[in-house]
Structures are given as C-alpha cells and as structure tokens.
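> Can you make the complete structure from the sequences, with help from the hints?
In order, the protein sequence lines correspond to chains S and Y. Here my numbering is used: position 152 in the first sequence is 152, and no number is missing along the way. Here my numbering is used: position 38 in the second sequence is 38, and no number is missing along the way.
Simulated from the structure, these hints should not be mistaken for lab results. Incorrect hints may have been included.
Said to hold, decoys possible - So, partial list: chain Y residues that the calculated Cβ filter (under 10 Å) puts toward chain S:
no., residue
1, Tyr84
2, Ala143
3, Arg146
4, Leu305
Glycine included, C-beta positions come from ideal geometry on N, C-alpha and C.
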Amino acid sequence: MKTNRFWAWLTFALGAAYFIVPLLATFEFSLRMRRGTYSFDAYASVFADPYFVSSFGYSVVIGLVTIVVGVLVVVPAVYFVRLRMPWLRPFMEFITLLPLVIPALVLVYGYIRLYNSSSIIPFTGSALGTDILLTGAYVTLALPYMYRAVDNGMRTIDIGTLTEAAQIMGANQAQIIGRIILPNILVAILSGAFLTFAIVIGEFTIASLLNRPAFGPYLVGIGTNRAYEPAALAIISFIITWGAMGMINVLGRFAPRTSARTD
Amino acid sequence: MAFLDVQNLTKTFGQTTVVKGVSFAFDKGEFISLLGPSGCGKTTILRMIAGFERPTSGSIEVDGRDITHLKPNQRQLGMVFQAYALFPNLNVGDNIGFGLKIAGMPAEQRRARIDEMLKLIGLAGFDKRYPYELSGGQQQRVALARAIAPRPRMLLLDEPLSALDAKIRVSLREEIRAIQLDLGITTVFVTHDQEEALSISDRIVVMNAGNIEQLGAPHEIYNKPATRFVATFVGQLNTIEATVLDAAARTVSIDGQAATVPALPATADNGSAVSLTLRPEVLSVGARQGNDITLSGTIADVTFLGSVIRLRITLGSNLLSLDTFNDQRTAPPARGEKVTVSLASKDLLVL
Ligand SMILES: Nc1ncnc2c1ncn2[C@@H]1O[C@H](COP(=O)(O)OP(=O)(O)OP(=O)(O)O)[C@@H](O)[C@H]1O
Ligand SMILES: [Mg+2]
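Structural data, given as structure tokens:
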C-alpha cells in the first residue's frame, strides 16, 4: 500500500518536473539580462518595444474578430444540423477535423494561389483584404475546437423541444437562436472562444506567409535576434495562454444559470 | 360551426402511414383527449395541429380558418410538453412572459399578466426562481402558465403528466381541468392513460394504429364501447364463452343456463360458440335483485385495493374479474373459496 503510493507520487513528480523544470529554467534565464543579478530587464525591454505592443494589439483584434465570425458560423450550423439534418453530423465531424490534419502551410499556399493580387478575387492585394483572409484562415484553424465546444454545449440541452416551445409561442428562428439557444450554451461558446484566442495569439505560419504584423511572427523574429527577450516572451505568452484556459474554468463556475442543468 | 375541424388527416413517414385519414370536429371550450396505446399516432396528430409536422394530406381548421400550412409561430396556439421544456436560462417570470415579450407586450402589462398567471397556478412569489430550483410538478405548472399567458386560441398538451409521480399526477390533472374550465379554452390533451382521459375530458377520441376507434363522451366510451379494442383498452373487461341456443331469439347458454342477451353477432348460428363480455362492476358476489344469471366458481386471486377488492374467479374455462366494495366488518374472501356470482343478462356486451 505504502509503496504503491510512493510510486504514484514519484510518477507524478517526474511528470510535473518534465513540464515545470524547462519552464523554470526559461524563467530563470529571462531574469539574467543584467550581469551578476536577477532583474526584470528583459521584460521591461519587451514591453518597451513598440513592435511588441502593436503586434500583440493586432493579434488581439484579429483574435476577437475570429471568435465572433467563428461563433456566427458554427452556432447556426451546429444548431440546424442537430435539429434538421442529424444525418449530416458524421460529415460535419469529418470536415471540422480537417484543419487538424491538413498543415496550415497547405492552407495558406492555397489561399495565396486562389486570392493573389492577379486573381479574380484579389484579397491579398490590400492590407484589409489580407486581414480578412487571415481571419478566415484562423476561423478554419479554430474550427475543430469551436465546433466541439458548441456541439457539447448543445448536447446538454434538448434543443429540439426548446425550439418547438419557443416556436409555438411565436418566436422566429433568429429569436430562438438569440434568446434561447445562445444563452444556454454561453459557457461552451466561451470555452471555444478562449481556445480560439490562444491559437490566434501564437500562430506563426499563416500570419508570416501572408506577411501580417501579428504576434506570432514577432515572437519568432525576436527569437532569432535576441538572447533574453525570447525567454521573457515565452513566459508572457505562457501566462496569456494559461490565463485564457483558466478563464474557461472560472466562467464555467460563475455562470451556472446560463448553462443548462439536467438535475 | 366547429371550432377545431380536422378532416382526413394523414401522415406518412417514409413507407409507414401512422395517421390514416383521421377526422374530428370539436366545439369551442371543449376538453378533448386523444387516447390510445403507444405508437398509435396521438403525438403525431397533436404535432400536426401545432405545425411541427406537415400533414401528408388532409386539413386542419381552427375557428373557421385553415391553418394546415401555417408555420407553428403563426398559429397562436399554446403547448405543454411531456418534458416541461422550460427555458433553463430564464427565470419563472421570464419563462411565463416569453410569449408576451415576443408578441411585443409592454413591460408593465407583461408584469401584470405574469403575476396573474403565477396566482392562477398557485406559485405566486416564484417569479425569480430558475427552472432547476423547482420540482417537476411546479415546472409543469409553470409550463402551463407559459402556454396560456399569451391567450392562445387553443391549448395542446402532450402527456404533460407522465413524468410526474402518481399523487401529483392526479392533483395536477384536476388543476389543469379547473383552469381550462375557468378560461374556457379549447384543449387537446394527449394521453395513453385511460383513467386520466375518462376523468377530465368532455370528449375522448380513442385511437388505435392510426385510426379513430371511437369518439364520444367518457361515459359513452366506457358504457358503450363501439369496438372490442375500445372495450379492452378503456377499463377492465371480462370474457365469457357461451353457446348460441337460438340466434333469432338471442338466447344463449352460459354454463348450462339459458339467458337472453341484448344482441348477437350476425354470423352467430344456432349451436355456435360466442364470446360475451362484461365489465367487472356488473358482476356481484351472491345473488342480487335483477340479476338473472347465477354462476358458481372458485376464487383464484384476491387483490386488496383499499376501498375496493378485486377478485379473480374461475368459472369453468373462464377467468373473470370482479370488484366488490371493502366491508370493514368482514375479512375479504380467501383464495380457493367457492363462490356464486350473479349478473344481469342485459349487461352482457357482444363485440
Ligand atoms: N419523425 C418520425 N419519423 C419516423 N417515424 C415516426 C416519426 N415520428 C413518429 N414516428 C412513428 O409514428 C408512429 C406514431 O408515433 P406517435 O409519436 O404519434 O405515437 P404516440 O401515439 O404519441 O405514442 P406514445 O404514447 O408512445 O407517445 C410510431 O410508430 C413512431 O415510430
Ligand atoms: Mg406520444
């Protein structure tokens, strides 16, 4: 019994160490910019860099737009498939898994071929057009997560009967989705939203190939030119990502009323 | 002019026709039950009235207006579902006020109507609670209030009581009936529970396999079942085997005793066997005035139901059910006891 517990703890400690030691090492390194003493100089240097602020701001905006577009696409799609075309579900599952299978590189080369400035739809011809393209790519990239989050959310409520109950009282399709379905899957949508945000903030391939001033390319650029700042940035993005994950849990606990309960 | 007029309603899912040309007409303010076994098409009919299913053919008129092809949200009907279907994100007040809000009623009037509804269902002061904070019975009452708050032209209920336990089921059905009478709202109630249908309906549509077997008031359905199906589905039914003595004179022999029955099947020849049926309550233990047939048998089983004792008695090849009132001064009859039972030949049904 005792030995059992010992081995369990040892395994756990090894696992945790595997994860935490590099993180600690990175953190320790990020503090060593000033010779001979620990300091937050690297962090100060990062925050003082105007490119940090602008690229981070850019990615935050793109992230938010991606979330809004993703919700507008995924929620009605999942809703109607569950309600009217349940036989389409396996197909939906497959489609939404594709972004995990197809490398982002393939996606972005496809985009560039299809939407280059000499094509019929020259999205890449302007900054705004490229931003739209980038957002589109991110919606696709986040689709597996958003789809699963929303689908899980809708599984917990009886959307069929709730829809009929609202319908017979005179509600139209938009009112049903806006007033009944959305509020009831809010927590699920939020978790999908934070995952989306975490993906967008760190994404490199697409943003760099489309040549947009996003946070991902900035991170990589810094990594190749500086010594201490990349470590500081790694810690910062780690905190952002985990902050987003933490928010999912917190909001999940704070919003029990908006989520359907079966008890 | 009927208020609810359903003509030749048919519904086919793929290859199977589940509603087979059903017609009925009801007046304003009637409480109508659709009664039948599982899968007979009750829910499908109700959903066609509500607009959730498109009829394969036939028409539905409400108050002189053809609604067959209207969308559910254009029909101005109220509906209560078996699984309550309250909106989990809205509190009780907002649930009841949902239809009013959709209809664009100003907040103040809405408030008043919600309060009125809460009082009607005996849940005054519950408006800030959320559905998960209510019991099943309370949730279903809120669902009822939500359905009638916008003053629908008709109320549809699909087995609204079957998720509740027995005691609440009885009290809530009485409450539903009282509210329905109070508001005078035409109501269609779907159930597979014959007792429920008999106790609260003005008229009952008994259905089987997509067809109407009989349509009538509860006492008509029970006392004069039109078909064998209705007789067995609604209430208990005993069967006695008899031999026809004289088909023209309608005399038969039951256990060697001659009796005249109210009717015989047209196919019955002299000497052929017929099945006669009768309700448990027309049989009595021992002789009784007016009863012209006496049979003797053995008690096979005794079920004590409180005020009533149900006996199962073997009579030759027949097994009969019989209800007697409990007598506090004597013990119920014992299994294996010999008894004589009597009945009036006019109570025999030939189906
Ligand atoms: N959407 C559908 N697709 C295919 N078949 C259906 C559909 N809805 C109902 N049915 C079939 O139609 C028949 C009648 O169903 P319905 O729900 O009307 O029965 P019911 O009388 O309400 O029974 P219950 O008492 O079990 O609720 C059943 O055999 C059912 O399987
Ligand atoms: Mg049903």
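> Enumerate the violated hints, using their earlier numbering and listing them in ascending order.
When the structure is compared with the hints, only number 4 turns out to be violated.
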